[in-house]
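In my numbering, the protein residues as written are 486 to 624.
No lab work stands behind these hints: they were computed from the structure. Since we're looking at a predicted model, the values are computed, not measured. Any given hint might turn out to be false.
In silico BS3-like links for lysine-lysine, alpha-carbon gap of 25 Å or less [unchecked claim]:
{"no.": "1", "residue 1": "Lys-537", "residue 2": "Lys-560"}
{"no.": "2", "residue 1": "Lys-488", "residue 2": "Lys-619"}
{"no.": "3", "residue 1": "Lys-619", "residue 2": "Lys-603"}
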Amino acid sequence: MDKNPIETIALELAILARRVTSMTTYKKDTVLDRSAYLLLHQIATNGSAGVKALAEEFNLNVSTVSRQSAALEQKGYVARVPDPVDGRAFSLQITPLGERELHEYRHDRVTRIEELLKHWSEEERRTFGELLAKFNRTF
Numbered sequence: 486m487d488k489n490p491i492e493t494i495a496l497e498l499a500i501l502a503r504r505v506t507s508m509t510t511y512k513k514d515t516v517l518d519r520s521a522y523l524l525l526h527q528i529a530t531n532g533s534a535g536v537k538a539l540a541e542e543f544n545l546n547v548s549t550v551s552r553q554s555a556a557l558e559q560k561g562y563v564a565r566v567p568d569p570v571d572g573r574a575f576s577l578q579i580t581p582l583g584e585r586e587l588h589e590y591r592h593d594r595v596t597r598i599e600e601l602l603k604h605w606s607e608e609e610r611r612t613f614g615e616l617l618a619k620f621n622r623t624f
């Protein structure tokens with residue numbers, strides 16, 4: 486008997502979330518957590534951004550992103566850049582240290598995923614990536 490595809494997806498997403506969480510918490514010497522990685526990636530990819538814009542991008546409240554960005558600033562991964570128009574506002578810009586940490590973390594992450602998918606064909610990898618991207622865009 487075939488399962489309902491939506492039930493299968495819901496279950497498999499729960500399993501995936503559990504495994505990804507255990508994979509990232511297993512390595513205790515990881516410098517970046519998921520939120521730091523995503524914020525740094527967003528800033529590195531799209532340029533400096535304010536806390537409000539980052540909160541909107543990730544569908545989070547401003548206080549959460551503010552707290553996360555303060556931690557990044559404290560570690561020296563981002564720096565505040567004053568808004569030339571509104572002196573009270575600022576944008577976050579990735580620092581050279583932040584770029585290095587992001588590059589190392591991304592490399593480690595890609596290496597782990599590459600190992601997991603080593604027996605998948607290139608077509609399977611491409612299709613999986615495209616479907617994951619499509620799924621994430623629906624949020």
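Do the hints match the structure? See the list:
1. Lys-537 to Lys-560: holds (21 Å)
2. Lys-488 to Lys-619: Distance ~22 Å between Lys-488 and Lys-619 Cα, so the pair holds.
3. Lys-619 to Lys-603: The given pair, whose Cα atoms are some 23 Å apart, holds under the 25 Å limit.
Violated hints are absent here; each numbered hint is respected by the structure.
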